[in-house]
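**Q** What follows is each chain in one-letter form.
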Amino acid sequence: MRILKGNLYAIIAKVIFVSLAMVALGYFMMAAFGTGDTNIAIFLAICILLLAFTYFTNLSVPLKFFAPGIMFLGAFVIVPVVFTLSMAGFKYQTGNMLSKEDALSTIIDQGNTTDPEGTSFDVVIGHVGEKQGNVGVLIPIPREDESQVGSALVFDSRLGYYGGDKSNIAVLVSDVYEEGSYPFFISTATELVTLTEDDVVLNDDYVAVKAPGFTQFSEAESKVVSDQLAGIRFKYVDPYFLKADPPIRGNSMASVNQAEVNYNYFISTKTEYYEVDENDVTVDDLGQAIAAKNFTKYTSDQIAKYADKIGNVRLKYEDPYYIGIENLPTGSNPFGWAIVKIQNITYDKKTDKVTDILTGATYSDDGRGNYRNPDNKEDYLDPGWRQGVWFENFTSLVTEPRIREPLISVFIWTIVFAVSTVITQFALGLLVAIAMDKKLRGRGVYRSLMILPYAMPSIMSILIWGGMLDRNGAINSLLNLDISWLQDPWMAKVSVLLVNLWLGFPYFYLICAGSLQAIPKELAESASIDGANARQIFRLITLPLLLRMLTPLLIASFAFNFNNFNIVYLLTGGGPKPELDSLAGATDILISYTYKLAFDTTIQNYGLASAISVVIFVIVASISMYGIRKSKVLDDFA
Amino acid sequence: MFSISKKGAGAVVAFAVVLGGIALAPAQAAPKVLTIWADETRGPNLIQLFGALEDQDDGDFVDGYVIDVKPQANFEALKAALDNATSASGPDIVLGPNDWVATGAKNGKLAAFTLPATIKKDFTANQLGDLSYKGKLYGVPLDVNNVAMVRNEGVPSSAVATFGAMVNYFQANKEAQGLTAGLCVLGGGTSWGGLGVWSALGLQPYRMSNGKVDTKLSKATATVAASGDPVSGSFVNNLKALVLEPSGNRWVSNGFWAPWDGAPGTTMANCEADFKAGKVPFAILGNWQKGMLSTAIEGTLQPVPGITAGTYGNAFGSVSGALLTSFANGKGNLAAAKSLLNYFGSRAGQRDYQKIENRPHANAKAAKFGSVFQKGMARAAGQASIPQIGSILSGTGGNAWWDLPGDFWWNVTGDPGVDLTTKTKSLSAILKANVVAGSKF
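Protein sequence lines, in the order shown, are assigned to chains G and U. The opening position of the first sequence corresponds to residue 56 in the numbering used here, with each subsequent residue numbered one higher. The opening position of the second sequence corresponds to residue 0 in the numbering used here, with each subsequent residue numbered one higher.
Source of the hints: derived by calculation from the structure; they are not laboratory data. There may be inaccurate statements among the hints.
Now the stretches of chain U that chain G is said to cover, found in silico as 3 or more residues with beta-carbon under 8 Å [unchecked claim]:
#	segment
1	59-72
2	279-292
3	403-412
Ideal Cβ positions, reconstructed from N, Cα and C, are used throughout, including at glycine.
Work the whole structure out from these sequences, hints included.
**A** In structure tokens, the structure reads:
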């Protein structure tokens, strides 16, 4: 069977274009799979198959024309509608956004806490045995009879040399946080020179950068001597000494270390926690553990490679506790940091219950999207999940007074607003079109001016009108009036209608002007010969024919204005509120009211918003269908 | 006529798909990257701090990692991006305000972590509490967000003791100096930046008691009630005495202050321009607006003075933090992200960052080395700040604090014959309801 026929170039072009489209869809499909959006990925896979069957087979010629439209209809109309419909049946709001599986996983992941003493260690992160992925930590624990200098004792310093001798490596230290005996000093391996603030030059950070006899290394020099730093103990108050890190952007951190600290060493892996003989531990010149028997410290690259494992591993400790690695080594600190934790939240799959072993509280599925403590209804676990609640979101529109009470007045105003807008815009547009249908001087200029409001971005127009309608705005100033255009509920409604008329009439002017041209002149001439006057011709011939042509557009305009969020939100924000505690303002239409209900509050309620959207959809669809049937405008297509 | 077999067509298509797929597939061997999202000011400043991605050496800040900062177009865009982030697209760390914490934790977008004691001790309990939810810490405090009031050049040389003194100064010099208003809010808007004014007059979203929200509210709707009520009993009188005046049967601003430019009774056309032109003696500005200040007035930063000497109008003093996201765990970056948070919290980290960002340091030790401006802002925050509690401020449906003061002013000055007491009672009832609902969040 030959499936590709025709001109060679046409076939090549077709194969290239269709293949490119398929590749693009395939790329998005893979990305969707990667991000876990399986439904989107499946939809894209169906689109790819549809493209292949449509354009590489002869199964259906009409489909070749409709396929792209069907795909876009599916993606941008059907999927959102189905999603909205389905979400209207869920408790889907702040705190209940995840699936139950993800919520439970998060609860378990986060369900740990530190031991009562808050035990933590500086640790060497590495692997035990030959297998690099076998994450473990080497924990040096100072012996009880020794004291360790806290890691908080770290000073800003500058690295250089002292006394003009480049081999006499020194640090210029600024003890600017803890005001001790030596706020500023120069330290070499053999000497400690104390300084006062008057001796040094400080930078913006209050860190000394110059001092007598001290010369800071250049960046290149610093790199050269960096390797030697590990072996230098800079002089400090006995029995302590300083060690300096290689400088980062000129600043070197000098930390206080104790000369003769002895440690007990432990190794912890996923399965074991055991003490290591001191003789089996390798330490560097500064006494820092860097390896142990059967334990190898990770390199920077290995840290990055196994970061996921390191961040999530639970290392053995005294039951029921475990060791978790919180921090990786950083540029200035070769140790990681680990803390002792306990998994206090546990889950029993059989009973679907969560228990906090520290408090003894048990949480069960409350059927409302949360694990809740039955003994204390206020006590529940976060996050919750999306829970199916059938028609609850719909019934709450009627049963909740907070929502129900303003709903009726908002609904009535929405109908009035949409109908009035369509009528006034159509009437003015038609009037202008008829006026411009006559020959008059400068008609082109007038036409251009008429289209301007339509050509300008509506957001800008609305905001400008908002300024002009302010009580101190241009309208009142020019007309010497004192009208609260936007503050008085009735005037605010009038303002919304007027501004919307300004924005929308050019559209109707354009389509009316075009439609008038399409009405045969002979009809008017015949009627005129039969004695009809101009008014009769317009009422009995022109207008009915125009309405016949424009009814679909009028219905579409009604549907658009029913949901015209922009004009209300930008001009009045739905206000003014008749009372401060009113939920809806005087100019709120259903869609802006929905927005306030769903999003203008602490709990963002997507489920409720979806339910109201469905109701709006049903109303608009019903009115539109009624209008279309009544006008029989689609009969011609039958 | 050219024709091709089914097998041939399939081969061509498959070849094209494979080629295209290879061309479009993302590179896999990328270095380990920690991703940070921030707003349009903090983002570029972080890039300046860490360096552009291509210029970074692995491990400068966390072993084996480079740091990719992605600034968003603005604060709202950042919030929207976080709301829509997925496990694949989301950041490891996001810089955001404290009132994102409760929602982020409830939605499972933020992850809790433990801060080392050596870093923790540099922050106040309130700062850490601001970034905690149900006892767990979700971020490290970075900077204090607050506003303070300044006296313009050539106006009172010493600190102003009371709100009334400011009004008197304005009234006395209005004609002679061509003042268009007494006080304008340059930073933070009517409800956030302007809280100091509302609070000085007796209105605020909640009151604090011993570091916690005072929930001992009176049951009556009357405005004079328990000490914890958001609207004080003297609010109406203060309004009439200090910022409003009758105009026919309406209330209008007396010219000293109004929530927005050009409100009835004021002649101020543009707050910022008028202040810079010396036509407004006092202004409230945010700690991100250092550029608006001359050094001459930098030292005059103070909270908005209260009705009586020694008292102040409260201002929001929230902290912004570097928040750990749950996406970090999904991407295997949990430990690395926590390590970077330690840097953010450290004295050196805060000092490096705030040198560029120029907001008051959250870290008390690092704050010691702030500029005059940073110290002034921090001092003002210390004197008068209250925490920003999103769950109360967002209110019940349609009654967010952010709209209420403006709506109140709008209602009070909009219609003739308005009864101030009635309107104030209504406002009080809403605010009490917000406190009750928000405290349960």
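**Q** Give a verdict on every hint.
**A** Hints, verified against the model:
no.	hint	in the structure
1	59-72	holds (count 6)
2	279-292	violated (count 0)
3	403-412	holds (count 5)
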